[in-house]
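Let the sequences and hints guide you as you build the complete structure.
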Amino acid sequence: MLEGLLIGLETAFSLKNLFMVIGGCIIGTFIGMLPGLGPMSIIAIMIPIAITLGDPSAALILLAGVYYGAIFGGSTSSILLNAPGVAGTVATSFDGYPMARAGKAGKALTIAAISSFAGGTIGAILLMIFAPALSSVALLFHSAEYFALMIVGLSAIAAFAGSGQVAKAILMTVLGLMMATVGEGALFNMPRFTMGLMDLQSGFSFITLAMAIFALPEAIFLVLNPARAAHSESGKIENLRITKQEAKSIAPVIGRQSAQGFFIGVLPGAGATIASFLGYAVERNIAPEHEKKEFGKGSIKGLAAPETANNAACTGSFVPLLTLGIPGSGTTAILLGALIALNVSPGPRLMTDEPQIFWAVIISMYIGNVVLLILNLPLIPYIAKVLTIPRTFLIPFILFFTLMGSYIGQNNSTELLILVGLGVCATIMRFANYPMAPLLIGFILGRMLEDNFSRSMQLYDGINFIVERPMTMILLFLAAFLVVLPYLRLGKSKNAD
Amino acid sequence: MSLDRWIALVILSISLLYSYAAFFTMDQLLPPFMQRNPIWPSTFPKILGVLSILVSAIIVLGFEKNKDSKDGTEIDYRRLFDYNLGQAVFLIIMMAAYALSLRPLGFFISTITFLTVSGYALGERKIFRLFFIIAIASFIIWYLVEQVLGIYLRPLPSIF
Numbered sequence: 174m175l176e177g178l179l180i181g182l183e184t185a186f187s188l189k190n191l192f193m194v195i196g197g198c199i200i201g202t203f204i205g206m207l208p209g210l211g212p213m214s215i216i217a218i219m220i221p222i223a224i225t226l227g228d229p230s231a232a233l234i235l236l237a238g239v240y241y242g243a244i245f246g247g248s249t250s251s252i253l254l255n256a257p258g259v260a261g262t263v264a265t266s267f268d269g270y271p272m273a274r275a276g277k278a279g280k281a282l283t284i285a286a287i288s289s290f291a292g293g294t295i296g297a298i299l300l301m302i303f304a305p306a307l308s309s310v311a312l313l314f315h316s317a318e319y320f321a322l323m324i325v326g327l328s329a330i331a332a333f334a335g336s337g338q339v340a341k342a343i344l345m346t347v348l349g350l351m352m353a354t355v356g357e358g359a360l361f362n363m364p365r366f367t368m369g370l371m372d373l374q375s376g377f378s379f380i381t382l383a384m385a386i387f388a389l390p391e392a393i394f395l396v397l398n399p400a401r402a403a404h405s406e407s408g409k410i411e412n413l414r415i416t417k418q419e420a421k422s423i424a425p426v427i428g429r430q431s432a433q434g435f436f437i438g439v440l441p442g443a444g445a446t447i448a449s450f451l452g453y454a455v456e457r458n459i460a461p462e463h464e465k466k467e468f469g470k471g472s473i474k475g476l477a478a479p480e481t482a483n484n485a486a487c488t489g490s491f492v493p494l495l496t497l498g499i500p501g502s503g504t505t506a507i508l509l510g511a512l513i514a515l516n517v518s519p520g521p522r523l524m525t526d527e528p529q530i531f532w533a534v535i536i537s538m539y540i541g542n543v544v545l546l547i548l549n550l551p552l553i554p555y556i557a558k559v560l561t562i563p564r565t566f567l568i569p570f571i572l573f574f575t576l577m578g579s580y581i582g583q584n585n586s587t588e589l590l591i592l593v594g595l596g597v598c599a600t601i602m603r604f605a606n607y608p609m610a611p612l613l614i615g616f617i618l619g620r621m622l623e624d625n626f627s628r629s630m631q632l633y634d635g636i637n638f639i640v641e642r643p644m645t646m647i648l649l650f651l652a653a654f655l656v657v658l659p660y661l662r663l664g665k666s667k668n669a670d
Numbered sequence: 495m496s497l498d499r500w501i502a503l504v505i506l507s508i509s510l511l512y513s514y515a516a517f518f519t520m521d522q523l524l525p526p527f528m529q530r531n532p533i534w535p536s537t538f539p540k541i542l543g544v545l546s547i548l549v550s551a552i553i554v555l556g557f558e559k560n561k562d563s564k565d566g567t568e569i570d571y572r573r574l575f576d577y578n579l580g581q582a583v584f585l586i587i588m589m590a591a592y593a594l595s596l597r598p599l600g601f602f603i604s605t606i607t608f609l610t611v612s613g614y615a616l617g618e619r620k621i622f623r624l625f626f627i628i629a630i631a632s633f634i635i636w637y638l639v640e641q642v643l644g645i646y647l648r649p650l651p652s653i654f
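Read top to bottom, the protein sequences are chains A and B.
The working numbering numbers the first residue of the first sequence as 174 and each following residue consecutively.
The working numbering numbers the first residue of the second sequence as 495 and each following residue consecutively.
Which stretches of chain A does chain B cover? Using the computed rule of at least three CB atoms under 8 Å from a CB of chain B, they are:
| hint | segment |
| --- | --- |
| 1 | 342 to 349 |
| 2 | 563 to 573 |
Here chain A is said to cover these stretches of chain B; the calculated rule only asks that three of the stretch's residues, wherever they fall, bring their Cβ under 8 Å from a Cβ of chain A:
| hint | segment |
| --- | --- |
| 3 | 501 to 511 |
| 4 | 579 to 585 |
Keep in mind the hints are simulated off the structure, nothing from the lab.
Here a beta-carbon is modelled for each residue, glycine too, at the ideal position from N, C-alpha and C.
Pasting the structure below:
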């Protein structure tokens, strides 16, 4: 291991690879800020550039830097504009955006930067220590456990995202799952619910849906009520520092979520999105009663939790990719494609056969996290200038980037009409306080959930997998408990009254 | 009836249609060899359809009360005409028009028109400054998308 580590240090600290990691982080941060251009799109676009480098280590380091940068940049747009370009940063907007609107944008961005740095760095340390052992643990999970784990994730989201309106949150989750069934599935090669429309053959686009339910209603709300924009325009970034008290308060959150996020990231199919939502839900659940009320209104713990968890999960998702050759998420699947194009076969033998690739990627994670912290903290006042742009410029440009994000993702102008239609529906739903995040996460997990459910059903010839796999049963009980929990609490508080 | 229950009623209607399609239209298309499988393409949609009907019915029947937002900056839909509703509707129409004009008119004409008219509708009166900034921004974005990212964006109308 020590020998491999030294080879990795030598490779990662070469001038070319340092340039790759810095360049990747910068490109990722700026593009990740634009709503609609998530890491998947930009990594896919960067693949031809990476392949032309001809060096697998340099290519993977560049793409990994872009990945981290995009997640980091996505948090910035979540905090400042409530327009998460990436599903993994949706939970960041729950408390980041209220903080920005309360004039604490600088503080929110600083907490995000520190949490991301800590999550990514601790994740990289954990990756080095636990990679071999964790990969064997992840191997024990079968389709049934993945299915149950996703149900736990969705239940937690539904139970905690609805702020007392569990039925609405569950309905939105189910609606998202229903939307995910539109189009051709992976297991069943037949179109479903397409109504004969060619444009629905491949289903709804994630980017279009994300833009329609987050960015578009936000822009329409800014138009309807200019007072909302006035909050933003007056939000000067004066105080970037966080107090000792605040640092003390978020330190345990960072510690817990680094570990939890990392382990969730290791599980294929889970990734940064589940990690961030679960991280948020867990921290909200264990917070003292007076702090719990702050969640969703600008809680620093509510911001630090998903930011730490999603970065740690990004690191964790490299474990199955590098050690098993299994992509844990869409992004790592694209990375896997790039490695195969470079004649590298990730798997258990990668660590021994090509240690310079394996270890250089891990070392570059440390470097990348330092670059992101050094790059983002000094740039925070400039990044936050987005808030001072007059609404007559800001709103048309938000709408334009929303449209372009959707167009670039699909290269289809019909997609833009779908975006406008869904955006109007989402705006009306927001009038009635329907939570939108469960819809998106339900949509993202829908395909994977159905695939794992179908595989389990086929393997066990029915729903016997629930009984025959104890871990699945435990996870499903946990999911049921998470749904019932808010009602139990409600009953308890009514009795107390 | 409050708006959240109306919305739930719409979702309930969609769920009924979805469930009808899942229960009564999908299985007929299934090849005989797939009918022996424990899972059919309609299995998961059937579960979702039933779940959605149940949950939306809970809201429609008012078992879970709506929790009104107390945040003063949120939109009160009961006083929608007190807000800039005209501007919002106009921008939505502009977005739909942009979607329809992007291919035939090309990127530059449709983008510059969309951004300039939207900015003007929102109250920007320094029209030359607005036009100048938008023209430069449009070119930069087109260059990045078309030349750097390699995604085709027709710059001008098809007649050119």
